[in-house]
Structure formats: structure tokens, C-alpha cells
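Chemist: Take a look at the letters that make up each chain.
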Amino acid sequence: MEVKYERIAGNSRHYYLALAAFAAVGLAGVLCTFWVLGQGLWVTGMYNRVPWGLQIVMAIYYIGLSAGSLVISGLYGVFGKLEYKPFARTAVYLGMLFMIAGLLSILTDQGRMDRVFVQPFVHFNLLSLFSINPMLYISYILICIVYLYALFRDKKKLTRVVATLAFAWAFGVHSGTGAIFGFGPRTLYDSPLLPASFVVAAMASGTGLMIALLVALFRLTRRHLDDELVFGLGRLLALFVLVVLYFLAVENLYLVYQVEWRAAALYYLFGGFHSVIFWVGLIGLGCAVPLFLLFYPRTSKSIPWVVTAGCLVVLGVLCERYVIVIPGLTRPPEIFPGMEVSGPGLIEGVASYAPTLVEFCQALGVLGIIGFLFLAGLKVFKLLPAEARIAKQAGPAS
Amino acid sequence: MNETPQSSRSVLFLAVPALILLLPFAYSLVAYVAGADTAAARPFLEKPDPKYRNCVRETAYMRFHHWELLRTVREEVVRQGKPSETGLKQCKNCHTSRERFCNQCHNAVTLNPDCFGCHYYP
Amino acid sequence: MDRREFLTAGGGLLLAGAAGTYAVRLLTQAGAVEAVTAGRHRWGMVVDLRKCRPDCTACLEACRLENNTASVGDARWDVHWIRKVHVKPKNGGAERSVVLLCNHCDHPPCAQVCPVQATYKRADGIVIVDHHRCIGCRYCMIACPYNARYFNFKESEEWPNKEFPKRSHGVAESCTLCAHLLDVGKKPACVQACERAQAGALVVGDLNDPQSEISRLVSENSVKRLREDLGTEPKVYYIGL
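Top to bottom, those sequences are chains A, B and C. By this note's numbering, the letter at position 110 of the first sequence is numbered 110, and the numbering carries on one by one without gaps. Add 1000 to a position in the second sequence, counting from 1, and you land on the number used in this note's numbering. Add 2000 to a position in the third sequence, counting from 1, and you land on the number used in this note's numbering.
Source of the hints: derived by calculation from the structure; they are not laboratory data. Heads up, none of these hints are tricks.
Under the rule of at most 30 Å between Cα atoms (straight-line distance), these lysine-lysine pairs were calculated in the DSSO-like manner:
(1) B:Lys1047 / C:Lys2162
(2) B:Lys1047 / B:Lys1089
(3) C:Lys2187 / B:Lys1092
(4) B:Lys1092 / C:Lys2162
Produce the complete structure using the sequences and hints provided.
Modeler: Here's what the structure looks like:
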């Protein structure tokens, strides 16, 4: 199927305004990071009991989003579904940008950012997931670059090979990211299911984002987008959300059912502000409502509703990343099982975490940088297709 | 309005960012030339008390490689547990003032080593 | 093949060779996480809770003054390498105070997860951080099951012990068992303070030496370690827990 890709004209006032807005937000984030570098991490909401916060949540979130974008391109590259070929370049480009965003988020979270560029590469620790994962992330970006090369030069065989490699690599990357938590000794982290559920949630969020983004992009640039393509992605999204729900159910029922973990489970489900985020943000808005929208006949065949479902899943998975990271830290580790521990200072007992303005600024700054790169990429590279139609005639692929 | 021809537009596209990138170097050059005669540019390293006869290494080596020596010693002391006579802690036995010795050269080249944030040196 | 294919192939081979060499170098380095302790000291600690007075804070103060731990006046960012907690059984029982510190495990989870091997176990069993290498990722703090690790969120302006470095912001740390004192044959600050306070509840010694006081205490008393079920093999033994 011949797809004609083209650059967007990108000379409207709105385009330049959007570009400038993203650049400004990105710059604000960079300045914020410099300030944090000088002051120390005490200006964030993190402290000795909750050493990981919003930046890590956003890092794993962006890494997850990069998988999902790759799923869309994988539909064409791996599974040969020609009707999704028009989206392939945009999807891979966005996937690469989100991985860069993830790396940037991790980078800005380190206590000694200057050392991060040297030490993890010179003194590698095979037993540490934090050492293996950045290698996976960087090689993932390199694979995306080769993938883009294959797509741009329309090399079919190379595309097939790299797309499959990228797909497999995405599984590795996201399982590794999930394993940072899943293979950890905190009660609410420790779960062999976490790598798998991380992969699926990543795909759900990426698909949701692509649905919303593609519809918006095609509409804004007045390109034709066959509704059926969006509905197809919507069905895929529904499948992913169902699997996410399944994993969540199994993980939490396991914790609740076992006497040993029941206290931890009840804390997770009902014990704090994170529980609101879990039930309302993740289960309600992130899974239940989108599933309804994607299955109910009237809304599942309506573009605005499918886009809404996509956006809700994007929000829901952000909530999921939050409840992966934070409750495990706010709940105190069981140093003395069966005992109540209290002490001076804030080290013992249940902790609380609230991100500060600085952290929001940094998180938005990362978003600004990749938003800028994406918008600029639309104008510099031929990413968007002239139109996205399902081929009328069935036949051998051209 | 005349259309700027394609070739001069590409030149502008390259020239403007190049000029912006060269600005810091230009500033450094001007600052160096302007400050070449001032006191800050002529470091005066206070000599230690003559009773200390043994220098760690010859002056030329220390001037250019003292940081390499310190780094090697650091690796040995911290990670291999070998005690050492020539670490940062022992420097101040002979060179008693950071201001009159270390900072003289470091300030002249605007160098801010990380060490003194953690290691006390009067 | 033509010139372009030759150059591409050559470049690819070069890249593959470089990547391969790097990979081999990385993988052969990985064994440096835990070191063998045969034939050397093996430092451990015994905390005798029967002798520890609940209201005494001598060890806490001494540790801070010896090691320059960050004391910024805010409980969120104050670093306490050694701390005292109150422990009360959930189903009724008396409340007791327990001294907690880094357990210097034989299988330290913190050293396992450090991405740059900044946290490592010395040959004599002390788990220590190389502050020149730490990137401040705080994964070790997540991994420690005893909550014994801290991060320098905010730098302290005080420098009580100028003979010992203080940490600037951005690196993780935990109790070093006063390795700098043990290395020159002295006792850790907390042990000295406890002796001065006429309690003698803290004893640090060489577990490899059957004649040392700590070996005697461990073999003669009913000792317990924290979370022995985790398999971390901590080397801080509690009497009367």
C-alpha cells in the first residue's frame, strides 16, 4: 500500500504559538532543575522516608507511553496490518521521544546529575536493575532510530526485522522497569506480576494517547482519517484495559487473601490518599469508564467518545504509576513484624508525600521539551501521511 | 518585498546559531585578555615552612598532576582500604592555608573542585 | 559490493566490535559487589537492650558529632545513622526502646542494587558508601529492609568533626560502623559514648576472632537479629529483643 508522507506546513500562527509555549515550559523546567541542583533535593516533597516521588512516577510513566506508541507501529511493522502504515512514522518518533522523556525525568531526579553521565557506564552493576535498565533504554532509542531509518527509506525487510526487535525490546524494557519495583523488598512492591502488568499498562496508555493524538493531529491539519481505523485502535485499547484490570485484580486479591499481606493490602486499598487515586483515578476513570465507552454501542462508534476513552486511560495509567511507587514508600517497612513502631522524627510510622511546585515544574518541563521536539519534527520530517484510509481493495501488499 | 534568495537564507540559518554558540568563547577570550595583568591572574603560591623537607613529588609534576595523584590515592584508601601518606588530609600539614595556596591557582582559572565541599581544608 | 555497502559494513563491524568489547568489560566487572572475608576481620555489633536506658541519647549525639551527619533542624532531612525507636507488641505488652542502625548485612540488598557500585561491602564486612561515586539515585534506600539508609537532601552548616569529611547534598549514606576509627584500632563513636554513659550496651568487635568480646557475647547469650527471615544475614545482634 503506497502511503504518501508529507511535512506539515507549519506556518500558521497557532503552530508557532504552540511551539513557543512548549519551548517556554521546557525552559522553565530546565531552570528549575538548575535551581534544584544548587539547593539540594530538599526543595522537593521527598524526604528520608519517601525518597522517590513525582519525577520517578513520571519517568516510569513516560517509559510506559513509549511502549504504547510502539504498539501502533508494531501493528504495521510486526503484524503487517497495512491499514496502520500511515501512523508508523509518527508512532516510532513519538515512542523515541517518550523514552528520551523518561531518561530526562530520571536524570533530573538524581542527587548528583553530573556523575550520572559517567559512573553508570564506567562502573556497571550487573545485579542492579537501575544499572541494566538505562542500558536498555538507550539501546531502545538506538533501535528506534534504526526503525525510523527503515521506515523513511521504506525498506520492507529491514522494517520487519527492526519492528520485531523493537517490539521484543519494548517488552524487555518495560518488564525491567516494572522489575525495579517488583523485585524489591518492600511489601507493596514485591510482586512477580509487576513486570507483566507494567507492560500491559504501558501499552494501554500508549494506545490511548495515540488515539487522542492522531485524531487531534489529523483534525488540526485537515487530513482525512478513516473512522474505522480509530475504532480498531479503540478495540485494541479495550483489550489492553481488560488485561490491566485483570492484573490489578489478581495482584490485589492475592494481597488481601493472604493473612500475611492483608494489613498491607488494606492500607493500599483503603488506607490513605493514594486509595482515592486508586479507586477513582485508576479503577473508575482509568478502567471502568473507558471500558463502558468502548463497549457501549452508541459511544464505541463515536469518535469523540473513543477519544475521551483514550484520554481517560492515559490519566488512569498515570494514577497507576503513582500507586505503584508511592504507597510502597509511605507504608513503613516491617522491621519488627507484629509490633507497633514509633519514634522521634518522621522515620517510623506511616509517611505522607506531596509533590512541591518545583517537581511539577520539572515534570512539565520534560513534557515541554518533547512536545517541542514532536511539533518541530512534524514540520522538519515527513511524519504524517497525506491521508489515512483503509485500502478499498483487498489484495497482496504492494 | 523581495524574497531573500535560497542560498543566503541557508547561510543565515547556520550563521546565527554559530554566532550564538561562539559567544561564550568570545567572552572568555575578552575576559582573559582584559584580566591578564591583574593580581588575580598572577597566582602566588605560599611556600610551606622550610622545615618540611620532603615534598610529595617534584613541583612540575604536582603543578599539572596533583589531582591525578589525589584521585589514585582516593581509590586506594576508600575502595581498597590501603592507608596513605599523601592524601588530601595530609596536604594541609605543610600547605596550611587553602586561600593562600590552593585557591591561588584555582581562582585564577575559575576552577571549583568538588573536594572542599566535603573535605575540610582551612 | 560497491563502496557504500563496504563502508556501511565496515562501520557496522567497528560498532559491533566496540560494543562487544564494552559488553565484555562491563560483564566481567560485575563480580565486585561482594568481597570474600576469609582471613580478615569480620566486624559485627552486639546491642544489649537490657543495659540500654530508654531516655539516654549518648550514642545518637556521639554519632552525629563524630560523623558530621546532616542536622538541619527538620525531621524530614535530618540524618540519623543510629536511631532509637519505641516498639510495642500489637497485642499488648510493654513498650521498649530499641537502637537501630545499619546492620552491615553479609548479603546487603543496598549493595546489590547500587547502579554504580558506590555502596559496597568491604572485605571486613562493613557496608559503606563511596561518596565520590554515588549518583544519588536512592535505590539503596528503597532496597534496605531496615530503613537504615539516608540521603543528604539538605546540607548542614555545622561541621562538628573537622577531621572527618561531611557529605554535600546529593549522596546517600548510612552508618559506617566508624570504619575510619576501626581501621586505626579505635572503637566506634557510639560504643565509646555508651561506655562513657556507664551503660556498655553497644559492643563492636571481630566476629572472626573467637576470643573477642563480641564472639563471647554472641555464643553465650540468646541473640536475635532483625528480620532473619529475609536472608540478608545482618551482623548486628540484639540481646533481650
